[in-house]
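Asks: Listed here are the chains, written in short residue letters.
There are 2 protein chains.
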Amino acid sequence: MLYSNLFTRTRKQAPKDEVTVNAKLLVQAGFVSKLMAGVYSFLPLGLRVLRKIENIIREEMDVIGGQEVYLPALHPAENWKTTSGWDKIDVLFKIKSRTGKDYALGQSHEEVITPLVKEYVRSYKDLPIYVYQIQSKYRDELRAKSGILRGKEFGMKDMYSFDLNQADFLKFYKQAKKAYLKVFQRCGLTAKVTEASGGDFSQKISYEFMVLTKAGEDDILYCDKCEYCINLDIAKTKAGDKCPKCQIGRLIKARASEVGNVFDLGSKYSKDFNFYVLDEKGKKVYPIMGCYGIGVTRLLGVIVEKYHDEKGIVWPKTVSPFQIHLVSLGDDNKVKNKALRVYQELLGKGIEVIWDDREKVSAGEKLAEADLLGVPIRLVISDKTKDKIEYRERESKKIKLLSSAEILASL
Amino acid sequence: MLYSNLFTRTRKQAPKDEVTVNAKLLVQAGFVSKLMAGVYSFLPLGLRVLRKIENIIREEMDVIGGQEVYLPALHPAENWKTTSGWDKIDVLFKIKSRTGKDYALGQSHEEVITPLVKEYVRSYKDLPIYVYQIQSKYRDELRAKSGILRGKEFGMKDMYSFDLNQADFLKFYKQAKKAYLKVFQRCGLTAKVTEASGGDFSQKISYEFMVLTKAGEDDILYCDKCEYCINLDIAKTKAGDKCPKCQIGRLIKARASEVGNVFDLGSKYSKDFNFYVLDEKGKKVYPIMGCYGIGVTRLLGVIVEKYHDEKGIVWPKTVSPFQIHLVSLGDDNKVKNKALRVYQELLGKGIEVIWDDREKVSAGEKLAEADLLGVPIRLVISDKTKDKIEYRERESKKIKLLSSAEILASL
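Protein sequence lines, in the order shown, are assigned to chains F and D.
Taking the working numbering, the leading residue of the first sequence gets 133, the next gets one more, and so forth.
Taking the working numbering, the leading residue of the second sequence gets 133, the next gets one more, and so forth.
For reference, chain F alone in the conformation it holds in the complex (with noise of 0.2 Å):
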């Protein structure tokens, strides 16, 4: 891509009303634009990285059998009614439509998807089934400050499982739990598996996945010699106690963010839209339901939680919107000449190449721009770096001097 073709630009300065480090680089850097509290555009260099964080999900879940569909975001009143949700939950947004009629815009979508795997299914055999899709979702939040982290529309990645028992659910459970860590470290982050409460509808203990950041909205204790963790909210432990698990380590309390969960759904919405299989014994049998969800706007905004220095955005490899960002200083025709072939020989190759190609900005600003996009290989052209280019890697800050050939080569 051509840097002088991208409608967005840098900001000089974070913008002000953004209290948390992810809407302060991202939107300084132009990846996205706030329209309002909790609610962000994705502009192109955004939206580069979003697609990318996406397939990784869409790999891993497909790896677990997952079916990929695509439920409206529109909802009617009754599906949300059959399950007591159009009462219960406070963050739905309801809707009354110009003929009278109610509709709830998706803040999930067990409502949806319930009814529709039911009309597939006529036998046991047919089970297990697992369906996900990625899709935008709406919860009225009362506090959206958290950048990308808490928004009241966020894009997420839901599946949903229908097994034929518990011990089969159990058994994908797991394997949606190594998924799940798959995706996670795939994008950079390690992260923590807690207990916690298991949501409105649900006695059961649910999983979620916790990423420590400073700008995360839950209290958790870690084991630091083990892999034990609570959300503080249900911990019978404090902080520097002995670990409950391992008995050697100590407890550590982290703030953190949950980028994704995992719910043991029972048979609660199997039931409420009267979803019932027949088994091999011909006995009325409510399949097991488990939703699995990752906040895939959220995890980018952690992401860049993680990745940063006072200079702007460290994108990991697998998600940076390019892999190369390259520089040519100076309106030298020489320079810019040599720039263009390189760009050419790297998109030839299959490289993803942002190439600053724009006149009249100063090296300190393009230099700085380079920074701030957090692109993770810089090379810069210039009269001084006569028949080499400049290599440099975003992270370690490590510069080398290479032929075009070499760089290829490293790549």
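The reader is advised that the hints may include incorrect statements.
One copy or two, it doesn't matter: identical chains are merged, so the pair holds either way.
[As the list claims (entries may be wrong)] Straight-line Cα separation of at most 27 Å, DSS-like style, residue types lysine-lysine; simulated pairs: (1) Lys-148 x Lys-213; (2) Lys-257 x Lys-144; (3) Lys-226 x Lys-213; (4) Lys-377 x Lys-309; (5) Lys-468 x Lys-257; (6) Lys-226 x Lys-277; (7) Lys-166 x Lys-213; (8) Lys-233 x Lys-277; (9) Lys-310 x Lys-336; (10) Lys-213 x Lys-233; (11) Lys-277 x Lys-144; (12) Lys-385 x Lys-277; (13) Lys-213 x Lys-277; (14) Lys-166 x Lys-403; (15) Lys-220 x Lys-233; (16) Lys-233 x Lys-148; (17) Lys-166 x Lys-226; (18) Lys-228 x Lys-213.
Think of the hints as simulated: they come from the structure by calculation, not from any bench.
Owing to the predicted nature of the structure, the values given are computational and were not obtained by experimental measurement.
Assemble the complex: chain F is given as a structure, and chain D must be docked to it using the hints.
Replies: Okay, now just chain D, sitting in the frame of chain F:
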């Protein structure tokens, strides 16, 4: 994809609550599922088609310099009040949040994109700008009986152009028109370009891209000799009249469906949002805007309206969910092993293939379902085909017996 893994099923009969061919076939074949009138879920097969159409559109928008963004669907009421849309647009869904704030659901995005682009434009040199998105739109429609042709929630590509003056705008307008015809052509459709009235806010003439189909909601007059075409609503001629353009052909009346439109918005929105630049001479100029829409889900429906026969859908290759529908008949191990080999060979060549690997399903049922699903090429392996494979084109119904090498070579 293995057919046995797919959670959806075809129905023996078309659904009785649908009146249009597109909805009857898409629901019967398990591509979509109706949540309520005008609101459909996209199931795994339908989503594959939708993504292909979206990618065709994306490629053609990128060619003419479009920059992709993703804008929210939840809008602050203020933006709609600024343009008078809040009171004037009867299909606008309005939401009152629990804090008392008013929101609108995007039925179009001029109200969001105009102030957004304004943020980034500092000089007349920053223009032109072309921005597009592929996103869901919401309209409080009174009648929604045309399957996925007219929805309360539907997929749309909307592009917005910002130009310094009318001449630049008209230049881009022409490019966009060409790009649109290319999109429809790649989807297997021939669109006629009609002049129509300019919508709510404009006295200017707009263009509509019309595909002839009985399921359409518009009446048009078109010339049987030249490209002249006009919406009957604003025509001063009638069927049988001499063409006012070429003066040779005769006008024919036909039913058509609008798959795209382009509007000359003038400076209506730039003025509403006080978005101006100073031109070379320091004079205030309000950018000229254009809006370019393609109904993405509607397009999918129109393709089905055009491409079907009495047995089911007949997808054009470019948008088909798969290139090959492989059917193994009978539960003989030799047959199944051969089918597995062919399946893996095809996947290995990067060919999208669905293999109907189901056991204990009759030959008649499998072949009927293949016709219903409408994948362009069907391959049948049975004990009758011996060392060959039966190759059949869905459209021409031509059948040949070929070796797997011959089939791979032909693809």
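Asks: Output the indices of the hints that this structure fails to meet, ascending.
Replies: none
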